[in-house]
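Use these hints to put chain C onto chain S, whose structure you have.
Chains S and C, in that order, give the protein sequences.
Using this note's numbering, the letters of the first sequence map in sequence onto residues 1 to 420.
Using this note's numbering, the letters of the second sequence map in sequence onto residues 1 to 251.
Hint data in this document are derived by calculation from the structure and do not stem from the laboratory.
From the three backbone atoms N, C-alpha and C, an ideal C-beta is built for every residue, glycine too.
One or more of the hints may lead you astray.
Across the chosen pairs, the derived CB separations fall in these ranges [claimed, not checked]:
no. : chain 1 : residue 1 : chain 2 : residue 2 : range
1   : C       : 100       : S       : 189       : 23 to 29 Å
2   : C       : 66        : S       : 142       : 48 to 54 Å
3   : S       : 161       : C       : 66        : 22 to 28 Å
4   : S       : 227       : C       : 192       : 54 to 60 Å
5   : C       : 100       : S       : 403       : 57 to 63 Å
6   : C       : 221       : S       : 297       : 40 to 46 Å
7   : C       : 197       : S       : 295       : 50 to 56 Å
8   : S       : 227       : C       : 250       : 42 to 48 Å
9   : S       : 340       : C       : 250       : 49 to 55 Å
10  : C       : 58        : S       : 168       : 25 to 31 Å
11  : S       : 295       : C       : 1         : 21 to 27 Å
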Amino acid sequence: MNETLGGILVVADSGIINATLAQTLFSLAQRVMIVNEAKQALALAEAGPFNLVLFSARLPDMTAQEFLRPIKNADSANTVATLVIGDPDQDVELEQCLQAGADDFLITPISEGLLKARVQFVLEHNRLRHQHEPSLENAELLKIEHDIQVARRIQAGFLPTELPKPGGWDVAACFQPAREVAGDFYDAFMLSQNRRLGFVIADVVDKGVPAALFMALVRSLTRAFAQQNYSINWTDILEAGTSAQPFTRRQTRAIPSTGTMALKNAVQLTNNYITENHMQDNMFATLFFGMLDPATGQLAYINAGHNPPVIFDGNGNLKLELKPTSMAVGMMPDTNYSIEFAQIDPGDFIFCYTDGVTEARNAGGDFFMEDRLFELLARPGTTARGLVDHVYAALQDFMTGAVQFDDITMIAVVRQPERF
Amino acid sequence: MPKVISVHSFRGGTGKSNTTANIAALLAEQGMRVGVVDTDILSPGIHVLFGLVEEKMVHSLNDYLWGSCNVEDAALDITANLGDAIKGKIYLIPSSMKTGDIARILREGYDVGLLNDGYERLIKQLNLDFLLIDTHPGLNEETLLSIAISDVLIIVMRPDAQDFQGTAVTVEVARQLSVPLMLLVVNKTPQIFDSQMVKKRVENSLRCEVAAILPHSDEMMALASEGVFVMKYPDHPMVRMLKKVLDYFQK
Numbered sequence: 001m002n003e004t005l006g007g008i009l010v011v012a013d014s015g016i017i018n019a020t021l022a023q024t025l026f027s028l029a030q031r032v033m034i035v036n037e038a039k040q041a042l043a044l045a046e047a048g049p050f051n052l053v054l055f056s057a058r059l060p061d062m063t064a065q066e067f068l069r070p071i072k073n074a075d076s077a078n079t080v081a082t083l084v085i086g087d088p089d090q091d092v093e094l095e096q097c098l099q100a101g102a103d104d105f106l107i108t109p110i111s112e113g114l115l116k117a118r119v120q121f122v123l124e125h126n127r128l129r130h131q132h133e134p135s136l137e138n139a140e141l142l143k144i145e146h147d148i149q150v151a152r153r154i155q156a157g158f159l160p161t162e163l164p165k166p167g168g169w170d171v172a173a174c175f176q177p178a179r180e181v182a183g184d185f186y187d188a189f190m191l192s193q194n195r196r197l198g199f200v201i202a203d204v205v206d207k208g209v210p211a212a213l214f215m216a217l218v219r220s221l222t223r224a225f226a227q228q229n230y231s232i233n234w235t236d237i238l239e240a241g242t243s244a245q246p247f248t249r250r251q252t253r254a255i256p257s258t259g260t261m262a263l264k265n266a267v268q269l270t271n272n273y274i275t276e277n278h279m280q281d282n283m284f285a286t287l288f289f290g291m292l293d294p295a296t297g298q299l300a301y302i303n304a305g306h307n308p309p310v311i312f313d314g315n316g317n318l319k320l321e322l323k324p325t326s327m328a329v330g331m332m333p334d335t336n337y338s339i340e341f342a343q344i345d346p347g348d349f350i351f352c353y354t355d356g357v358t359e360a361r362n363a364g365g366d367f368f369m370e371d372r373l374f375e376l377l378a379r380p381g382t383t384a385r386g387l388v389d390h391v392y393a394a395l396q397d398f399m400t401g402a403v404q405f406d407d408i409t410m411i412a413v414v415r416q417p418e419r420f
Numbered sequence: 001m002p003k004v005i006s007v008h009s010f011r012g013g014t015g016k017s018n019t020t021a022n023i024a025a026l027l028a029e030q031g032m033r034v035g036v037v038d039t040d041i042l043s044p045g046i047h048v049l050f051g052l053v054e055e056k057m058v059h060s061l062n063d064y065l066w067g068s069c070n071v072e073d074a075a076l077d078i079t080a081n082l083g084d085a086i087k088g089k090i091y092l093i094p095s096s097m098k099t100g101d102i103a104r105i106l107r108e109g110y111d112v113g114l115l116n117d118g119y120e121r122l123i124k125q126l127n128l129d130f131l132l133i134d135t136h137p138g139l140n141e142e143t144l145l146s147i148a149i150s151d152v153l154i155i156v157m158r159p160d161a162q163d164f165q166g167t168a169v170t171v172e173v174a175r176q177l178s179v180p181l182m183l184l185v186v187n188k189t190p191q192i193f194d195s196q197m198v199k200k201r202v203e204n205s206l207r208c209e210v211a212a213i214l215p216h217s218d219e220m221m222a223l224a225s226e227g228v229f230v231m232k233y234p235d236h237p238m239v240r241m242l243k244k245v246l247d248y249f250q251k
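Chain S extracted, bound-state conformation (with noise of 0.2 Å):
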């Protein structure tokens, strides 16, 4: 308490407060000054703000309202205590001086206990008015409040409310950020009139509202490159003439196939703007692109830098990791993302997560771990939703009484199994 003191200003002479209630009240503030005249008082009022004004209702100089009334006035924020002292017979100047906006009274003489008491009371009521009356700095704050609480929201809305399912696939993900915005995210769109189901999981370096501001640089360019129809690179052997190797027969998958440019693109692209136009400020994004044939399972992807999603089969066992392609997004201009590609068959699902998954700890300090993980998707026959949930649910286990230093976010794509 003694350290929202900043002051106690006392106008009363010696008569009133003595030696010891002196002391009392330097035991209370850090800067005390007692004074017996009215005038002396308002000076130094004005010079310096003072948290308390004790003053006496028999002032040699003035009345205690004339007194009262500047104090107040200069006191628009209403932060400064006001107690008055007065005789037992005085009670109609202390009535005049609590309507003037003194905060309470004291009746001489007065007691240690009571004078302590007093002016705790005082400055706690006064402490306690200004938590619902916000100063400036609060209100500074509170603003800053408010814009999180924007970007929040508008961060959510980045996210797509509705996760394409086509026939034969289910889809559900997963978002936790750590703090009010986060790094990560995922996305889920269909691609080549309905032909390709795309889907997105990222980290960006960093937390807070720097990683949420290149979050939604890198997933709105992602999104939107994707849906660019022009082709890189596989002509590019062209472009480079005769001295050239030339184009062999079995580069055929550099050929562009149904979905695999805008995989491409997104990506690529993406990194080249990147890479052109943000690279003082040392951001960059670990990012896996699938790109699915519903018809078929086959999976064309590019794994720039992310910890590698995983493929289980129907009967539990982990069958694939899909390892980084290619350096993250945003760290080297003119990087080249090869595309790879995988299968998923029916009864098979494949699960994106971010390392805020992995590297959640408990409160003893421990990582979760791809054990854990493993563990727990080794699950066949649930749906996208249920193998999520299921991973959060253990996550939130595991990190009980300890607090979550990494957004966490997943996606899971799940291909039903063939019905007989």
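Coordinates of chain C only, in the frame set by chain S:
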């Protein structure tokens, strides 16, 4: 093994579509199942040679590219339009002649990767022996893609300085794309030219096999694209020359 054959010319007006139609008809005559895709989306035309009237086009390649049908739904069996001599089948996948559809291609583009998958699906669904791709003149992305996936590339040119230069570009590109078999067809050769001389000159300058030197033909001009030449004039000497082209990839 089904074969994909792209027919290309660097410049327009070389007789590319006529060559495609003639080769398709000759293959079908042998009993082959042949698919013909008109990827000349911006200036379609081969449907005219096969006697397809616009009203009969239920679906076109455009519909497939925009996701409103499967690629095989756009295939039309036009075998009957070519007369009784055909033992096999010819399916045509036409491009739309509607102004709005052509404008939409210009405006929106499309995922060129769909062509690659579409070719593969056509071969499977229609059980084709040959898939012929009539390309857009010059080099654009769908042409490059068609060339890259082809087993055979037939480049049609006239003995003309402009064609020479342009064909050299196509030949170079096809080499870079490692097309297994590349053939030149020199078309509309003036009767006064010595065809052996022309062949030698073309082969020397382009370093590429010349499969046929076809003479300028008044009959062909008079036909004015209202039919497939090899069907209308089965005994014309040009038919024999065209049949020789087939030998290159049917041995």
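ask   = Per the hint of 54 to 60 Å, is the separation of the Cβ atoms of residue 227(S) and residue 192(C) within bounds?
value = Given range 54 to 60 Å: holds, Cβ gap about 55 Å.
request  = Using the beta carbons of residue 221(C) and residue 297(S), state whether their distance is inside 40 to 46 Å or not.
outcome  = 53 Å, violated
request  = Given the hint of 42 to 48 Å, check if residue 227(S) and residue 250(C) actually sit that far apart at their C-beta atoms.
outcome  = 43 Å, holds
key: Assessment of proposed distance window 48 to 54 Å (beta carbons of residue 66(C), residue 142(S))   = About 52 Å separates the Cβ atoms of residue 66(C) and residue 142(S), which means 48 to 54 Å holds.
task = Starting from the hint 22 to 28 Å, judge whether the C-beta atoms of residue 161(S) and residue 66(C) obey it.
result = 26 Å Cβ-Cβ, so the 22 to 28 Å window holds.
Whether the CB-CB distance between residue 295(S) and residue 1(C) falls inside 21 to 27 Å = About 24 Å separates the Cβ atoms of residue 295(S) and residue 1(C), which means 21 to 27 Å holds.
query = If you check the beta carbons of residue 100(C) and residue 189(S), does the distance land in 23 to 29 Å?
reply = 27 Å, holds
ask   = Quick one: are residue 58(C) and residue 168(S) within 25 to 31 Å, going by C-beta?
value = 28 Å, holds
query = Does the Cβ-Cβ separation between residue 340(S) and residue 250(C) fall within 49 to 55 Å?
reply = 37 Å, violated
task = Given the range 50 to 56 Å, decide if the beta-carbon distance of residue 197(C) to residue 295(S) lies inside it.
result = Cβ of residue 197(C) to Cβ of residue 295(S): about 54 Å, so the range 50 to 56 Å holds.
Supplied distance hint 57 to 63 Å, evaluated on CB atoms of residue 100(C) and residue 403(S) = 59 Å, holds
Checked against the numbered hints above, the structure violates hints 6, 9; every other hint is satisfied.
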